[in-house]
Amino acid sequence: MTVQREQTLPAVSGKPSSDSRTKDGKPRGPHRQLGPKLVPYLFLLPFLLLFIFFLILPLVYALGISMFEDRLVGGSVFIGAENYLRAFRDQAFLDGVGRMLLFGVVQVPIMLALALTFALILESGLVRFRKFFRLAIFLPYAIPSVVAALTWGYLYGPTFGPFTQAAEFLNITPPRFLSEAGMLPSLGNIVTWEFTGYNMIILYAALQAVPPELREASSVDGATGWQIARYIKIPLIAPALVLTTVFSIIGTLQLFNEPSIMGAIAPTVIQNDYTPNLYAYNLAFQNQQYNFSAAISFALGFIVFVGSFTFMTAMNRRNAT
Amino acid sequence: MGRTLECVPAGWEKRKGVSGMRAFGLTAYRTQWGVLKTVAVALVITLVTAGCFGAGGGDEGDGATGGAETSEGPVELTFWSWVPDLQKEVDLFEEAHPNIAVKLVNAGTGADEYTKLRTALKAGSGAPDVVQVEFQFIPTFRQIDGLVDLSQYGANEVKDDYADWAWDQVSEGDSVYAIPQDSGPMGLLYRKDIFEKYNLEVPTTWDEFAAEAEKLHKANPDIFMTDFPPSDPGWFTGLLWQNGVRPFEVDGTNVSVSLDDPAVLQVTEFWGDLIDAGLVDTTPDFTNEWYSGLSEGKYASWVSAAWGPVFLQGIAGKTSGKWRVAPLPQWEEGEEVTANWGGSTDAVTTQSDNPEEAAELAIWLNHDPESVAMLNETSFLFPVLESHLESDDFKTKQYPFYGGQEVNEVFIESSNNVDTGFEWSPFQDYVYSQMSTHLSAAIKGEMSYTEAIEDLQSTVAKYAEDQGFTLQQ
Amino acid sequence: MVQASVTDRPPVLRHRNSSRNIATLVMLLFLVYFFLPLFWLVVSSTKTNSQLFSSFGLWVASTINIVENVRDVFAYDDGVYLTWLLNTAQYAVISAVGAAFLATLSGYAFAKFRFRGRNTAFAAILGSIMVPQTALVIPTYLLLSKIGLINTPLAVILPSLVNPLGVYLMRVYSEQSVPDELIDAARVDGAGELRIFWSVAFRILTPGFVTVLLLSFVATWNNYFLPLTVLSEPTLYPVTVGLAAWNDLASASGAAQALYTLVITGALIAILPLIAAFLFLQRYWQGGLTFGSVK
Chain A
236 MTVQREQTLP AVSGKPSSDS RTKDGKPRGP HRQLGPKLVP YLFLLPFLLL
286 FIFFLILPLV YALGISMFED RLVGGSVFIG AENYLRAFRD QAFLDGVGRM
336 LLFGVVQVPI MLALALTFAL ILESGLVRFR KFFRLAIFLP YAIPSVVAAL
386 TWGYLYGPTF GPFTQAAEFL NITPPRFLSE AGMLPSLGNI VTWEFTGYNM
436 IILYAALQAV PPELREASSV DGATGWQIAR YIKIPLIAPA LVLTTVFSII
486 GTLQLFNEPS IMGAIAPTVI QNDYTPNLYA YNLAFQNQQY NFSAAISFAL
536 GFIVFVGSFT FMTAMNRRNA T
Chain B
339 MGRTLECVPA GWEKRKGVSG MRAFGLTAYR TQWGVLKTVA VALVITLVTA
389 GCFGAGGGDE GDGATGGAET SEGPVELTFW SWVPDLQKEV DLFEEAHPNI
439 AVKLVNAGTG ADEYTKLRTA LKAGSGAPDV VQVEFQFIPT FRQIDGLVDL
489 SQYGANEVKD DYADWAWDQV SEGDSVYAIP QDSGPMGLLY RKDIFEKYNL
539 EVPTTWDEFA AEAEKLHKAN PDIFMTDFPP SDPGWFTGLL WQNGVRPFEV
589 DGTNVSVSLD DPAVLQVTEF WGDLIDAGLV DTTPDFTNEW YSGLSEGKYA
639 SWVSAAWGPV FLQGIAGKTS GKWRVAPLPQ WEEGEEVTAN WGGSTDAVTT
689 QSDNPEEAAE LAIWLNHDPE SVAMLNETSF LFPVLESHLE SDDFKTKQYP
739 FYGGQEVNEV FIESSNNVDT GFEWSPFQDY VYSQMSTHLS AAIKGEMSYT
789 EAIEDLQSTV AKYAEDQGFT LQQ
Chain C
29 MVQASVTDRP PVLRHRNSSR NIATLVMLLF LVYFFLPLFW LVVSSTKTNS
79 QLFSSFGLWV ASTINIVENV RDVFAYDDGV YLTWLLNTAQ YAVISAVGAA
129 FLATLSGYAF AKFRFRGRNT AFAAILGSIM VPQTALVIPT YLLLSKIGLI
179 NTPLAVILPS LVNPLGVYLM RVYSEQSVPD ELIDAARVDG AGELRIFWSV
229 AFRILTPGFV TVLLLSFVAT WNNYFLPLTV LSEPTLYPVT VGLAAWNDLA
279 SASGAAQALY TLVITGALIA ILPLIAAFLF LQRYWQGGLT FGSVK
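Protein chains in written order, with the working numbering: chain A, 236 to 556; chain B, 339 to 811; chain C, 29 to 323.
It should be emphasised that the hints constitute simulated quantities derived from the structure, not laboratory data. Because the structure is a prediction, the values reported are computed rather than measured. Treat the hints with caution; some may be incorrect.
[What the hints assert, rightly or not] Label-pair ranges, simulated between beta-carbon atoms:
#, chain 1, residue 1, chain 2, residue 2, range
1, C, Ser227, A, Thr548, 37 to 47 Å
2, C, Leu57, B, Gln736, 47 to 57 Å
3, B, Trp669, C, Thr91, 44 to 54 Å
4, C, Leu307, B, Asp611, 54 to 64 Å
5, A, Leu337, B, Gly742, 52 to 62 Å
Where a beta carbon is used, it is the ideal one built from N, C-alpha and C, also for glycine.
With the hints as extra help, turn the sequences into a complete structure.
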């Protein structure tokens, strides 16, 4: 019975699957010619080689230079963790992180709520032209973020932008998209526009995996569409929601393209340190402080890690009780 | 078995049982929960590895990587430049130099090219033989030993053929680090129709400029005298330059920083007052809003440079015939001091295996009369070569967009009046970025213009010290 | 059989027409929002440079210039735009196929085998998503230049083959769609592991494969930063870097040129192949994202 169950469970996170059978002493038959122990490594080899070369090595290198200080005059000195101590005391960096957290707390829920609503509506068959809507909402994802930001930047224009012109035509105060207060919402709008469709598709796909029997059963019980969504569908796609949230948190903290383009049209609002990633970039390529920049990047990576980890632990607790 | 179950919350398992499904949706959360524990371990491992790694972070050896050509066949040079239509001039050069083949590459405009150049210099290979560099970045690339001294290849022989101030920008004593290609002596582009409609005088001094700005604003609050772009430190530096500011003096590793000198404060407060009074707009330049402003009559003038007139034609076509060009307003009545904004040079990088041929390319391209004429006529570069500046064809060319005005004449005069002796810092990107940050802060009202300048001074001075320079006062 | 469960099922609940109409109307409103920037792009591509800055942005100007603009895009600089488009296609197709294939192989291995270092390797792969790309620019450049790949197509393609998210997705997908029994049965029949992967597992994994392929395709098609740093020759540029170079020419004090019509029309043309790819592969990618729909 136990063995039976093991076989039907997917092998995730160290859950024994195929090799538990070998432990049980079940012979694997004459198909061992490849050397079964080597097989997974062979499968992984091509990816891992490239992964090590183009991700691990550069990361290790970056980590290495983050422990040095390289001056324009006088060369390079090993300073250990000092750049990291400096990073976590650096007001510009901390402000940037704070700004992104604020951004994320508002933007991520809005985007995911929209994505979930669209997914539920499209999946429930409540609307016509479903395929068309699905593709249309997903479409912005295919637009390069640089083009998206440029386009929205134009639409936001404080004098000649179409919204402003329309507002003036109607004699109402035009919204100030590019002002100090307006910038975070404006950026949030761009990101929402770009990624709602992507998240919707993931959630939509997860919803499609909800067994029809469940839904049929509940509708026979007289549950309304809303009740089915709230009590059956949403809990069932919780893992997909967690996944999209974590990716959104990562994406938010690493925001770069959109603010960098908006910085060109609103330089008084978006400065070099507006987001932590923008800050790291400018430290390296404008200030030539490569070492400190690398430390900032890793500090940011650490914060992203802590953020995702905390979120998942919280979700885990909630689900466990 | 028990160990692995730790990673899976009990409720989860149960729910799986209820659904009776092998899997549903994404099992993200369960997977990552276990996985993240090990991420921490992986990070530690990486940290430890990096510890052993350390020393590699510094110097990367000198770049003798590019396979040296054997002496047979022509020498091949790579040339990075973003000047449009430059291939024609390069073809001319190759015709005149059968032993040199040139591969012309547009590696990006300004900052993009510099990022590549800097990374290549750091990596020890990948830099071109000849590279286009704007005047203000020559000391920056010299500082990281990127540029070859061209005096050993006869650069000083052509010295006297260039505008004094331009040569001054590329050389230090007898050393020459680049050959000037084009320039942007400053001038004032203004809307004749708007000036006439509101009875404005073309200002000859900045005081008059301010007075006319006020007059215009009273007559029509929707039109601004001009725009002050907060994100264009090159433009602002031009204005400082005109007022005799010498923000940097560099001597080896000794640097003096004078960004808070009275002349700087004078310029900054002048513009600050105009901005605070709402007489001048603060839209970033080279953006949609700004182009529309120029095209729709939001601005009565543009404080620009010699390359401005042709550029303006391209974006404000419907205002053709309405613009005119005047000399840059002066700080003192009767003076004729101007400055430079923009323009660039060609330099030879220290990674070149054939610096002699590379130097020949940089010199010839910007010295041969035919090549220089082409640069001006097809690529619209404003020349720095005296012989071309003074040629009648160039001087008397009429521009219909400017009502048939002989525009070049104004800028030739300006070029002759550019103040010599202006120096750039060896970390100009940083200075520029701090300059826009501080000006922005003042425009936003976070600090006064005076405070912004004082803070700019101390920030830049501190950076210079942190980078190992000795500060001189 | 996978696709069948993915394509639109008839709605289980029959809704009254009126509520359907209201919901459809609401969705149409959102559609305006999602189409607005695209609409601007299309409208702008019909304008001349001067009209761009002197007419209302969301409607066409007095003359429609799109034919000339498209011609100009392909004619400028000896038709370099077409080269960029072909480069982009080349980089995107090779990277996408390669990345999807490597991700499938690894995802399958993570899902179906137990081996030493599995958790560590998987954790490292997932963890790598969390470090921002800016940290990698200089080291990647140094590495590529050490092996002499700077300024070659491989400098763009090789790093693009690494898609950690793809590995993760393929692991989940393999776990959920390839039954262990099937693999065991094939083993009993004496098939080698590679053959099992090819002839048994890969077929089932195709929708996931296509999804990762499409995601990689979009990522490489729209990649800007990597090609910008590792390529210096315009004839090697992908379209994103090329368009940015045109865009920058306007603010090059000195030899400034305003090429905005080219940039806008070029951006519009560059999006079309992506839209086409999504349309044609629609039933696959939507299937692939339905991880776990297979019984």
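To test your reading of the hints: which numbers does this structure violate? Nothing - there is no hint that the structure violates, so all of them hold.
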